[in-house]
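*Asks:* Top line first, the protein sequences correspond to chains A and B. Okay, so the first sequence: first residue is 1 according to the working numbering, each after it adds one. Okay, so the second sequence: first residue is 511 according to the working numbering, each after it adds one.
Source of the hints: derived by calculation from the structure; they are not laboratory data. Treat the hints with care, since some could be wrong.
With a straight-line cut-off of 35 Å between C-alpha atoms, the simulated DSBU-like cross-links for lysine-lysine are [to be verified]:
| no. | chain 1 | residue 1 | chain 2 | residue 2 |
| --- | --- | --- | --- | --- |
| 1 | A | Lys2 | B | Lys563 |
| 2 | A | Lys152 | B | Lys563 |
| 3 | A | Lys509 | B | Lys656 |
| 4 | A | Lys27 | B | Lys600 |
| 5 | B | Lys560 | A | Lys152 |
| 6 | A | Lys130 | B | Lys563 |
| 7 | B | Lys563 | A | Lys503 |
| 8 | A | Lys423 | B | Lys674 |
| 9 | A | Lys34 | B | Lys674 |
| 10 | B | Lys560 | A | Lys128 |
| 11 | A | Lys2 | B | Lys674 |
| 12 | B | Lys563 | A | Lys509 |
Output of the computed footprint for chain A on chain B, the stretches with three or more beta carbons under 8 Å from beta carbons of chain A [stated by the list, open to error]:
| no. | region |
| --- | --- |
| 13 | 528–540 |
| 14 | 617–631 |
| 15 | 667–676 |
Computed from a predicted structure; not experimentally measured. Ideal placement from N, C-alpha and C gives every residue a C-beta, glycine not left out.
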Amino acid sequence: MKPPLLTNLIEQWLDYYISESDLITLKAELLANKESLEHYVELAEMHSLLSQTQVQTLSQTSVVPMDRIISRQKRKTFRIVALATAAILMIGLLVMSLFSFDAGPPLAFKSAPGTQFIVTHSTELKEKPKGLVLLKGSSLNVTQGTIELTFKSGVRSVLQAPASITLSGDDTLYMHEGTAWFEVPSGAEGFTVNTSDLNIVDLGTEFGVISTPKDHDEIHVIKGKVNASALRHKKEFATLSAGDARRVDPVGRLTAIPVKPLSFLTSLPSSLPYLHWSFDEVKNGGFPSKGNHPQIELGLALPNNSRAVALQTPGRFGKAVCFTGEKGEELLTQWPGIGGDAPRSIACWIRVSPDSLSSFGTSIAAWGKVRDNNLNSNTKWKLAISPDGRLAVVGYNGSLGGGPVIADNQWHHIACTHKVNDKGSSTVSLYVDGQLVNNSWRPDPALRAASSAAMIPINTDIRAEGSLPLRFGVSLIPSAPIKGCLDEVYIFEGELDAETIKKLATINKL
Amino acid sequence: MKKNSQSLQNYVQLMTQHQGALRGFVVSLMPGAPGVSDVLQETNLVLWQKMEKYEDGSNFLAWAFTIARYEVMHHRDRAKRDGRIVFSDKLVDAIAEVDPIEQDNEQHLLALESCMNKLNENQRQLIQHRYSKGQSLENLAASLQKPASALRVSLFRTRAALKKCIENQSPEGRLA
Numbered sequence: 001m002k003p004p005l006l007t008n009l010i011e012q013w014l015d016y017y018i019s020e021s022d023l024i025t026l027k028a029e030l031l032a033n034k035e036s037l038e039h040y041v042e043l044a045e046m047h048s049l050l051s052q053t054q055v056q057t058l059s060q061t062s063v064v065p066m067d068r069i070i071s072r073q074k075r076k077t078f079r080i081v082a083l084a085t086a087a088i089l090m091i092g093l094l095v096m097s098l099f100s101f102d103a104g105p106p107l108a109f110k111s112a113p114g115t116q117f118i119v120t121h122s123t124e125l126k127e128k129p130k131g132l133v134l135l136k137g138s139s140l141n142v143t144q145g146t147i148e149l150t151f152k153s154g155v156r157s158v159l160q161a162p163a164s165i166t167l168s169g170d171d172t173l174y175m176h177e178g179t180a181w182f183e184v185p186s187g188a189e190g191f192t193v194n195t196s197d198l199n200i201v202d203l204g205t206e207f208g209v210i211s212t213p214k215d216h217d218e219i220h221v222i223k224g225k226v227n228a229s230a231l232r233h234k235k236e237f238a239t240l241s242a243g244d245a246r247r248v249d250p251v252g253r254l255t256a257i258p259v260k261p262l263s264f265l266t267s268l269p270s271s272l273p274y275l276h277w278s279f280d281e282v283k284n285g286g287f288p289s290k291g292n293h294p295q296i297e298l299g300l301a302l303p304n305n306s307r308a309v310a311l312q313t314p315g316r317f318g319k320a321v322c323f324t325g326e327k328g329e330e331l332l333t334q335w336p337g338i339g340g341d342a343p344r345s346i347a348c349w350i351r352v353s354p355d356s357l358s359s360f361g362t363s364i365a366a367w368g369k370v371r372d373n374n375l376n377s378n379t380k381w382k383l384a385i386s387p388d389g390r391l392a393v394v395g396y397n398g399s400l401g402g403g404p405v406i407a408d409n410q411w412h413h414i415a416c417t418h419k420v421n422d423k424g425s426s427t428v429s430l431y432v433d434g435q436l437v438n439n440s441w442r443p444d445p446a447l448r449a450a451s452s453a454a455m456i457p458i459n460t461d462i463r464a465e466g467s468l469p470l471r472f473g474v475s476l477i478p479s480a481p482i483k484g485c486l487d488e489v490y491i492f493e494g495e496l497d498a499e500t501i502k503k504l505a506t507i508n509k510l
Numbered sequence: 511m512k513k514n515s516q517s518l519q520n521y522v523q524l525m526t527q528h529q530g531a532l533r534g535f536v537v538s539l540m541p542g543a544p545g546v547s548d549v550l551q552e553t554n555l556v557l558w559q560k561m562e563k564y565e566d567g568s569n570f571l572a573w574a575f576t577i578a579r580y581e582v583m584h585h586r587d588r589a590k591r592d593g594r595i596v597f598s599d600k601l602v603d604a605i606a607e608v609d610p611i612e613q614d615n616e617q618h619l620l621a622l623e624s625c626m627n628k629l630n631e632n633q634r635q636l637i638q639h640r641y642s643k644g645q646s647l648e649n650l651a652a653s654l655q656k657p658a659s660a661l662r663v664s665l666f667r668t669r670a671a672l673k674k675c676i677e678n679q680s681p682e683g684r685l686a
């Protein structure tokens, strides 16, 4: 094989878009010709070198001293990083554990794939620590995904985004926000977690904490005992045992609530937390959700007033669910959805006929709260098909839509990702059949007459009274379902990359 | 037999020193596939666990490559189950037989940094998009409103230019 062709094929393979026939040719060439094989190894090493610059960038820039951050605050400062645990850290930890564990960092961490986080260190530190570690005064802000924390004392924690923590002392953590599970081994009793509402001191146990800025904090004891003190006015105190859970109220009382051990992850998942509905099986009268999300139990999708098996038809992969447009067929879950402006992604297969299009849009999946006057509607989030048959996402006091017409009675894979960029505005990507498509904003009907209508920040409301959990095939306003089919719905707590979406669109796997 | 502290120190030094070569080897066995860092980490863990079995003075790189190969095989089995295209045993064996070359990874990284500074803005953006952000070229093509095929050609050329530049800066010539 001539060198330019060989190089071309190798580069295609390393970039993972080679055709099957070219791959067969390349494999045969590599097996037959040692020089070609050596050339392959050389090019692979170049890739490795370039990807190491990524690892180095991560290990160097994910750890940013506070003084540098302050000086850059008004510029584009933080580089958000997504990574699997780097080998560089591994070696760092090995060296530390070998020679000087006593002098090692009080807290090391690693992240699940797809996780995005920023680490900042105290300005008092003379030297920036290397690797994925936190020292006293360091903060970790997780915008999506999951982090596992390991304290020097042996305490282990799994932290789910959105989360923000500060290490106040060797065994004291301040949780500004987040959902975290803690396992405190014997000998590490006294481990403390503080939130804006609560002070929690461990007495040798396993417990979870939920801290949300717009709601009251919760403590759930799974094993052993903890002391919990409310920090507000009444400052109630309680020693809680396994099976106890409390929510702190605005005046500082500890209100008993059901313990929810399943709300917490206890190990790092292999991807961003997600729920998946294949619609292949019917269980408990509905379609169960699978995946690695801790609230998976809430995902059972029940027909509002219909038999689940009657909705099943052959789908894109296994079975699908098909709605005929009859009221009662719509599927309702108990899963509240993803709130605020947290990053999210949804992907699924749909087959919708043109006659199912409505002037209000055709809802595929929706959750959140509908405002009474339906104005400035940024409190709901809905994946839909626009009246002209194109993919759209609603919830930005208008909709973002575009791409080809998909209401053509053919199966199409559609996906939408949302995140907030570092300027605070929403970034939405829409995909049709694995391809990114351009999208544009269209204000809500009530705003269209206003000359100055503009997008406002998304704030999906999943906690307020009247907020509705996830539903399929129908909007949040009582109405008949769509006429069309739905298959392989995935919802992720985080922004998926284009590669993963392409993979879902082709092999229906992560 | 337990290693003395000098042996331990040497072993850690060898592990650290050969991270670049190990990563390159893993990349060559699982091209384009995600999870290189995971496999590398698992390889490091096994290297650490098997430290006692390493004989001081023997070929560390060959020893590490054997372990890495096993870890890639494990990972490959999982990838196969996920329906991903992977290399055959025969090809993995053939790649593993290419002589490992001692390389100064740190020096190559320094050379790469210097070579990156010689790229123009478009080339740098392309490399950054592909490697630092780990995103597909289709994504960049959509945002730049350029065909992905054109970006692919540019990426090939940029990598080739970087490789040549690094080789010119490396005393040993060949990038390895």
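*Asks:* So, for every hint listed, does it hold in this structure?
*Replies:* Status of each hint after checking the structure:
1. Lys2(A) / Lys563(B): violated (44 Å)
2. Lys152(A) / Lys563(B): Judged against 35 Å, a Cα distance of about 29 Å means the pair holds.
3. Lys509(A) / Lys656(B): holds (29 Å)
4. Lys27(A) / Lys600(B): holds (10 Å)
5. Lys560(B) / Lys152(A): The given pair, whose Cα atoms are some 24 Å apart, holds under the 35 Å limit.
6. Lys130(A) / Lys563(B): Between Lys130(A) and Lys563(B) the Cα gap is close to 30 Å, so the pair holds against 35 Å.
7. Lys563(B) / Lys503(A): Not OK: Lys563(B) and Lys503(A) at ~41 Å, beyond 35 Å, violated.
8. Lys423(A) / Lys674(B): violated (39 Å)
9. Lys34(A) / Lys674(B): With a Cα-Cα distance of about 21 Å, the restraint between Lys34(A) and Lys674(B) holds, given a limit of 35 Å.
10. Lys560(B) / Lys128(A): holds (32 Å)
11. Lys2(A) / Lys674(B): OK: Lys2(A) and Lys674(B) at ~19 Å, within 35 Å.
12. Lys563(B) / Lys509(A): At roughly 39 Å apart (the allowed maximum being 35 Å), Lys509(A) and Lys563(B) break the hint.
13. 528–540: holds (count 8)
14. 617–631: Our answer is that it holds, as 5 residues pass the Cβ test (under 8 Å) against chain A, meeting three.
15. 667–676: holds (count 5)
Comparing the model with each numbered hint stated earlier shows that hints 1, 7, 8 and 12 do not hold.
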